[in-house]
Amino acid sequence: MSKNPFPFETVSRRNLLKLGAATGVLGPLALGTGSVQAVNARIHVVIVGAGAGGTSMANRLSQVLNGAKITIVDTREQHYYQPGWTLVASGVWEKSKTVTSTADWLPSGVDWVKGKVAEYDPDNNRVILEDGQQLGYDQLIVATGLQLRYEWIEGMDTRLIGQGKGVGSVYAGVDEAAKTSEEIDQWIASSQGKGLFNLPPTALKCAGAPLKMTFTTLSRLEASGQREAYDVEFMTPSGRLFGVDFYNQFVKQRFEEQGVTRNDHWTLKSLDSDAKRATYSVEGGPDQVKDYDFIHVVPPMTAPDSLLNSPLVNQEGESFATWMKVDRETLQNPDYPNVWGIGDVMGMPSNKTAASVKMQAKVLEQNFVAHLQERPLPAKHNGYTSCPLITSIGKAMLVEFGWNGELLPSFSFIDPKEESWTVWVMKERMLRPAYYAMLEGQI
Amino acid sequence: MTITGTLTVLWYSAQPWLWLIALMVVLFLVPQVIARLKGYHFSAKGGKGSKYFPPLIFILSIFLVPLHTDSTLAYVNTWVDWIALLGASFGLALYAWLVFHPICYLRNHKA
Ligand SMILES: Cc1cc2nc3c(=O)[nH]c(=O)nc-3n(C[C@H](O)[C@H](O)[C@H](O)COP(=O)(O)OP(=O)(O)OC[C@H]3O[C@@H](n4cnc5c(N)ncnc54)[C@H](O)[C@@H]3O)c2cc1C
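Same order as they appear, the protein sequences are chains A and B.
The numbering of the first sequence is my numbering, which starts it at 22 and goes up by one.
The numbering of the second sequence is my numbering, which starts it at 7 and goes up by one.
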C-alpha cells in the first residue's frame, strides 16, 4: 500500500469504504453505482487496458454483475493521471502527483493478466496476447487508449526529451513531461530564442493540451520579464486551433495579443535535433524549415497497432479510419455485438478525454447490462467532452461540449466563455479527486 | 452525482490536507476548551488580538489564497471567483477569531 510517497497517493477504495462504514453513511450507499440494478451473469468479461476507461469499467461491472468472471489485461504496473501531465510540464506539479499503482484501483474480484493483447479474433471470441496466451470471452471491452506516432516524424525520438536539445513533449509520458519543463526552463535561462509549438494532423487526446502548453510557456516567458526576447510560433495542420468556433476564435485572438505567430496548414514532418531545425510540410507549397531553441512536439495519434490489424477497426474510406469501430451513441461494435469500446481508442469526433470516459462509462454500463438481459440498449452517449483550457498559469476556462460543438456546461454558475481563477482551482485541486472517483466507478 | 460519488470526491480532495485539518481542529479546540472551563463564552470580552487579527487575516487571505493555488489576485475575475475568494477569506478570518478570542479571554483573566 505504501508504494507511493505521498499520503494522498496511498488512499485505496478499501480505506474509503472503511471511512464510510465508520461514519455510518457511506457503507450502505457504496454498494451500487447508482442507476443500474445488479444482475446475475455467469459470463467471462475481458477488458483490454487498465487505464481510465478499463479501470472504471472493471469497478462498475464488478458491482453490477453477480457471478461473472472479469479479466483485465494490461502490462502497466503504474496508473497515470495523464491530465496532470500538463501541470507537470508547466512546472506547477511534481510528477509523483500523477502516479499511483494500478493494483490499488482494481477491485478484488477482478483477475489482472499482466500482458498485452497482440491480436483480436472476434469471430472466435478470443484475444491473443503477445506471449501467445489466448483468452476466450463472452463479452469484450476494448479500452486500450491510443498509440502515439512519434516515429512518423522523421528524426524524432522521445529519448531526445531532456537531453538539453530543446525538444519537449507533454504526451510522451510522465518523465518526459517533467523533462519538458526542464527544457523550457533552459530555454528561458538562455534569455532569447524561438519556441515552436504544433498540433498533429490526426485526432488527438485532450485537444486542448497543445494550447495549454503554449499558454503556460507564455506565462513563464512573461514571468521572466523579457517576453520580447523570445519568438513563439504555433503550427496548425488544419488551420484551426480548436473544434468549437468560439474557442477557436478566442485562442486565435489571444495568440495575436500575446505575440504568437500562427502558421496555418503546416504539419511537422521532420526534426534535426543536433542542428535544432524542424521541417514542416505546407499545404499547397514547398516544405518550410524553421530553426528553434525549444520545440514542443505533438505527435500524430491512432488506435494501437493490435487494433489496426483487426476486424474491429473502421475500414479505409469509412469515417474515423485508424480508430475502433463503434456506434458512437451505444459504444457497441456494430459487427460484433459482444464487443464494446470506451475511451480514446474509439472513432468519434473529439471525445479523447478522461471527462468523456466518465460519461461513456455510465452509458456503457447501462447498455452492457441491458444487452445481457436482451433488452434494447437504453443509454446514448451525447458526445460530452471537457477540457479546462488553461490560458495562463493561474487561470482557465471550463470548456465542455457535445457532438456538434454545442456547449454543455455542468455548472450553471460558471460562464464557459470566461477565464476564471475558480476553474483553475478546479483543474489544479478538484479534477484529480474526481478522476479517482471515476476510476472507482463512483461518478 | 450520487451522494457516494460526492463523498468520494470530497474525501480524495481532503486527503493531502488531513494533517492541516487536524492541526486546525486542535488549534481551535485547545483554547476553546481551556477557556470554557474558566467561564468563557462567545459574547465574553476578547482583546486586541481577537479585534485586529481576524480583519488582518481577511485582508492577507485575499492576496495569499490565490498565491497558495499557484495563481494571483489579478486572475480573480468572475463574480464566482470573487465570491469564492471572499468566502474563503471570511472563513479564515472567522477561524482566526475563534482561536484568538478565547486566548485573549484567558490573557485578560490571568492579568
Ligand atoms: C498531456 C495530457 C493531458 C490531458 N489532459 C486532459 C484533461 O485536461 N482533461 C481530460 O478529461 N483528459 C485529459 N487527457 C486525456 C485523458 O488522459 C485520456 O483521454 C484518458 O486517459 C483516456 O482513457 P483510456 O482508458 O482510453 O486510455 P488510457 O488511460 O491511456 O489507458 C489505456 C491503457 O491501455 C493499455 N493498453 C494499450 N494497449 C494495450 C494492449 N494491446 N493490451 C493491453 N493493454 C493495452 C495501456 O497500457 C494503458 O494502461 C490528457 C491526456 C494527456 C496525455
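In case anyone wonders, no lab produced these hints; they're calculated from the structure.
Don't take each hint at face value.
Said to hold, decoys possible - Simulated pairs of lysine to any residue, SDA-like, Cα-Cα distance not exceeding 20 angstroms: (1) A:K383 / B:S56; (2) A:K118 / B:S19; (3) A:K118 / B:S56; (4) A:K383 / A:P128; (5) A:K379 / B:S56; (6) B:K116 / B:S56; (7) A:K116 / A:K383.
Verification of the supplied hints:
no., hint, in the structure
1, A:K383 / B:S56, "violated (51 angstroms)"
2, A:K118 / B:S19, "holds (13 angstroms)"
3, A:K118 / B:S56, "violated (38 angstroms)"
4, A:K383 / A:P128, "holds (18 angstroms)"
5, A:K379 / B:S56, "violated (47 angstroms)"
6, B:K116 / B:S56, "holds (16 angstroms)"
7, A:K116 / A:K383, "violated (30 angstroms)"
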